[in-house]
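This is what each chain is made of:
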Amino acid sequence: MKQYHKVSSLLAVFAFAGLVFFAMSTEAQFSITTVEDSAFSGKERMRPIVSFDHDAHMAYDAVEDCNTCHHMWEDGKKMDNADSIGMECSACHLAEPGNSEMNLISAYHRLCRTCHLNEKAGPVLCGECHAGEK
Amino acid sequence: MYDIYALARGPLAWGAFIVFFGGIIYRLAAILLEARKKDHVVYAYFSPYYAMRSMLHWIVPFGSRSMRQQPILTTVTFAFHICLIGVPLFLFAHIILFKESFDISWWTLSGMAAQVMTVIVLLSCVYFFVRRIVQPDVRYLSSTADYLILLLVVLPFATGFWAARGWAGFEIATLLHMLSGELLLALIPFTKLSHMFFFPLTRIYAGSEFGAVRNAKDW
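Taken in order, these protein sequences are the chains called A and B. Numbering of the first sequence is given in my numbering, commencing with residue 1 and proceeding in unit increments. Numbering of the second sequence is given in my numbering, commencing with residue 1 and proceeding in unit increments.
Everything labelled a hint here was simulated from the structure, so no lab data went into it. Every residue gets a Cβ at the ideal spot worked out from N, C-alpha and C, and that includes glycine. Just to be clear, a hint being listed does not mean it is correct.
[Said to hold, decoys possible] Estimated spans, in silico, between C-beta atoms of each pair:
id, chain 1, residue 1, chain 2, residue 2, range
1, A, 131, B, 72, 35 to 45 Å
2, A, 100, B, 115, 19 to 29 Å
3, A, 72, B, 78, 47 to 57 Å
4, A, 31, B, 126, 40 to 50 Å
5, A, 80, B, 22, 39 to 49 Å
6, B, 107, A, 76, 29 to 39 Å
7, B, 33, A, 67, 52 to 62 Å
8, B, 72, A, 91, 54 to 64 Å
9, A, 72, B, 116, 42 to 52 Å
10, B, 62, A, 100, 36 to 46 Å
11, A, 36, B, 115, 22 to 32 Å
12, A, 100, B, 31, 36 to 46 Å
13, B, 66, A, 91, 57 to 67 Å
[Stated by the list, open to error] If we take Cβ atoms under 8 Å as the criterion, some of the chain A residues that face chain B in the derived model are:
id, residue
14, 105
15, 106
16, 127
17, 128
Generate the whole structure from the sequences, applying the supplied hints.
Structure representation (structure tokens):
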């Protein structure tokens, strides 16, 4: 009987821990609020971190689909029905032979700023995007 | 805001660079042609050796007598010019814009170095300004244009520092920075700032004249 209690309370603890873990992981997955490419981690950043409301962006008219940003290319053309969800931009934009960090930064800037400028909405100046904590 | 940014980043930037380089070529061509007409012996007496010798003495700190006579001014002037040219040419924020637009990039300064160098430019300008006011002979020789030129140089550096620090109002500072930088670039060929590219001509002329003709030093 004692044994049974022990097991069930242990199970309860595990179940609770699992629930908390699940809640935290979905939290982490579905509310991205900054862009923090792993290519820039591990050494001191030059600029403050960029805040980016992933969910809010999905609601903007200018954002058509996931692959507006998480794009996939073939023979120099962007593919309509494929995406690169789950991959960081650096996975491709740093990997090309001869590419440097400059290429990656440039890719981020061109994707983000070009849309803001076209839409006349959202940040376009260095200090507007790089406004978070260092 | 977006329109001003797009204008400053696009057409005005192109305009500034075209006027800058076009202006330099125009002014150099004009003066070389005029010299050929009015003072063609200059060409006959051109001496590469004496020209180089003169240039070397004036480009090395304390290489000339007048520089040694004014050690403070010389030190400030050299620090000023190195920072003045070095910061815009090697600032990360400038190079990344070239990368984005033309896919070219080169070596950049660290943010800290760029900020220290910008402060050196600004403090030097304060020094030049005070010197113009306080020193009687310099004051006598100063025209309104000289003060305006100083302001023209201060503006992009002051607003650039402000923008980089992200201080309140940095949005306006950034736009003013772009516009004032473009104005400065475009005016360089048509103001006293043209000494930037006339310097070698002056030295070639004086060096050849003093060295080859008068057998004297010009430093």
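Structure-based check of all given hints:
no. : hint                       : in the structure
1   : A:131 to B:72: 35 to 45 Å  : holds (41 Å)
2   : A:100 to B:115: 19 to 29 Å : holds (24 Å)
3   : A:72 to B:78: 47 to 57 Å   : holds (54 Å)
4   : A:31 to B:126: 40 to 50 Å  : holds (49 Å)
5   : A:80 to B:22: 39 to 49 Å   : holds (44 Å)
6   : B:107 to A:76: 29 to 39 Å  : holds (30 Å)
7   : B:33 to A:67: 52 to 62 Å   : holds (59 Å)
8   : B:72 to A:91: 54 to 64 Å   : holds (55 Å)
9   : A:72 to B:116: 42 to 52 Å  : holds (44 Å)
10  : B:62 to A:100: 36 to 46 Å  : holds (40 Å)
11  : A:36 to B:115: 22 to 32 Å  : holds (25 Å)
12  : A:100 to B:31: 36 to 46 Å  : holds (42 Å)
13  : B:66 to A:91: 57 to 67 Å   : holds (60 Å)
14  : 105                        : holds (6 Å)
15  : 106                        : holds (5 Å)
16  : 127                        : holds (5 Å)
17  : 128                        : holds (7 Å)
Hint compliance for this structure: every hint is met.
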